[in-house]
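Participant: Chain residues, written in single-letter form:
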Amino acid sequence: MSTTSSSTTGTGRMASWGVDRSVVILLVASVVVLAGAALESPGVLSVNYLLQQLQIAAIVGILATGAMLVILLGQIDLSVPLTITGTAILATSLAGSGNPTLAFIAIPAGLAGGLLIGAVNGLGVAIFRIPAMVWTLAVNAMLLGITVFYTSGAKPAGAPPSLMVFLARERTVGIPNAFLLWLVVGALVLFMLRRTVFGNYIYALGQSPRALFLAGAPVERIIVGVFALAGLLSSLGGLLLVGYANQAYQGMGDSYLMPVIAAVVLGGTSIFGGSGNYSGTFMGAIFITLLASVLSLMQVPDALRQMVFGGIILAMLLIDRARRTP
Amino acid sequence: MTSLVEFSAVSKTYGGIPALTDVSLTIEAGAVHAILGENGAGKSTLMKLLAGVITPNGGTIKVDGVERHFATPRDATALGIVCMFQELSLMPHLTVRDNLLLGDGGPMLRLIRGAAVKAVRASLDSVGGSHIGLSSLVSELPLADRQLVEIAKAIHRRPRLLILDEATAALTAERVETVFAVIRKLRDEGCAILFISHRMYEIDAVADRVSVFRNGRHVETFAAGTRNRDEMIGLMVGQPLTELFPPRVAGPAMSVAPLLSGRGLSWERGLDAVDFDVRPGEIIGLGGLDGQGQQYLMHAVFGVLKGVQGTLTLDGKPLGGVTPRRAKAPGVDIALVPEDRKTEGLILDMSIGENLSLAGLSRKPYGLTKAAGPADVAVARLTERLEIKLKSLDDPVKVLSGGNQQKVVLAKWLALSPRCLLLMDPTRGIDVRTKAQIYRLLQELAGEGLAIILQSTDYEELIHLCHRIYVFYRGRVVREMSGDEVTPDALIAAALNAHSNTAST
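Chains as they are written, first to last, in my numbering: chain A, 165 to 490; chain B, -9 to 495.
Every clue listed holds true.
Pair ranges (Cβ atoms, derived):
no., chain 1, residue 1, chain 2, residue 2, range
1, A, Gln216, B, Gly321, 54 to 62 Å
2, B, Ala105, A, Leu478, 44 to 52 Å
3, A, Ile483, B, Lys381, 23 to 31 Å
4, B, Gly224, A, Ile483, 52 to 60 Å
If you only want the chain B side, here are some residues facing chain A, beta carbon under 10 Å, derived:
no., residue
5, Leu326
6, Leu338
7, Leu348
8, Thr359
9, Lys402
No wet-lab data here; the hints were simulated from the structure. For glycine and all other residues, C-beta sits at the position ideal for the given N, C-alpha and C.
Start from the sequences, fold in the hints, and give me the full structure.
Facilitator: Shown next, in the form of structure tokens:
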């Protein structure tokens, strides 16, 4: 895990230690999971297996980045599954349409779709003041309806954009491109959170929307902006998934909601908003990916894996709550 | 008469700030006991202790001679102590009948029988609510009727000690008389009544004994009628702390053009055609009883409220579509120090530095936090000028004392060099030394040409600092006072007279 050191250079925002505590815990937990799995099948310690995990972690990590931004606001985005599926279907349809112009705009269109879905989420929460839990769930349901209507329930026709295949499956100097892309996205988000006014506003809004509003900050714009950004990142994750799986299909995003939220809360981001480090989310995504991979290696059924993720979230929520009420 | 409740040396502090100090008081059965005091004198704390909402830090409370520790309101209710709080506690989406039955203390699981409904009806009739239908929804009733239902609910529980906290504030004089008849009847049946009201004439009309509270201390208890109103007001206000306030500085001449004016400012839920002017260098005060619209005016000016009618004028030009963001924008330069420091003024879990820079963030070049904006220089200067005591800017702001926290809020806004400063009760819960510092600062700032609007629940503050005072009642400005007119007695009388005048019309 030598690559993780790059993300832990930013010191914990709320942490008194040099490095965020959850990062250390997750690092240790990852090693334990790997060591445990190595007793069963030593193959997990091969460089190739580990690099493959980073490749998948990149997808989870980019999705978790969006989810983290929303959770920092004290909100939640439950439309992640269908944002992934919807924008994936949109991009593959355009890329496989045979029309070179449409194929060319496949990726921008997919990303724009994510941005738009996110903006709709944000408008509902910021302007109409509907709880995000309900609004984004409804948006998710609408998107499900749209995709089912569009594909008539069948496997959607189309082809993955070749750039996404390159990004998701190829490697550059031995390192998966997806992981490199994640590093770039992560660095940009880290910079945004730590060095820009917008980033400060995100934390402040999560802590106290009222105080921030009374400090004269554009609260509505911040909320819409964060949700839009999260939608964009969800669609980017969805497009990577398209490249990785070489196709888009109905239900492709369904199994990502739980692990993504689990990665964020495991990384120490408070579900109540206002505190959390990107380094935590980074390690959270890697740990969750390793855990899922090792569980499937041990032939644990998917149902049980979902229960594990759900259990992790519940446990983290209780820990978070306990920390808040000393 | 027998004593029902006895307080001995009871104290209550909130986070180190005393709300009640060493209070000893006896409440007797079969008497109406009025509690008088300014806002913040400790009346509500006293009520909450009795109702079991909070527990004391020291001293003992005896009921029927037995020492009691109320852990929850249920414990108090079990002893027959029924409290009617100032804030209405009815369920708006339930019917009148359901609300009254909710409070009657019977078992939770039972059938509602005709007899119970009849009893509810009788209780409601007895307080003069015979015109109120049992099946009407509380949310559809006018405020005065809701208050009657509230009183009926309290009476329906057959209390031994009934606490009425501003229970009649929304009632007209005629209705008040009906309620008083009920109170007297309860008293004659041996019930003790603790009566809190700001209306002097109500206290004259119904009280048997009067206790005056000031700054969390019990000042004096006497039989009703042995002191006149002036003496009672004198006891409420106490001796002015002259050394606390810097000598008054003359305000700008009335001929100076106002910086900010409001005309006909109205808001559906609590502002009624308010006019005001504030000139550069002038400190104006918003006085009156608590919650008469002063806060709404502040919020209206700062653009917090939606749907405010009327016009605001800045520099003689109309100022429309105000939001906090626009209010603080360069060229408008209005700043607001909000009422609740802990939830509105500060973000407690964030660092002192982050809180200090919060309002100035929007002026950072390129939206980058590391880029030094003009506000950062000002923050550093203000930290010194306000003598904010801190170890490190990276400490969370919650480790600071209340006074230093308030200075952080002030510095955060002053860093933007505002032209008009709105202050909502800026010295609430702050130690005397810091209060004095803030007072001096405000006068200096006014001297430098800042226009200041000060809303305060502290009469002395308004009297000693303000050049002009607008006295509010029910969302309207009922009196404007300036110069020598402003004395403690006159100010309180204005607030109270306003009350009685309007209530009897």
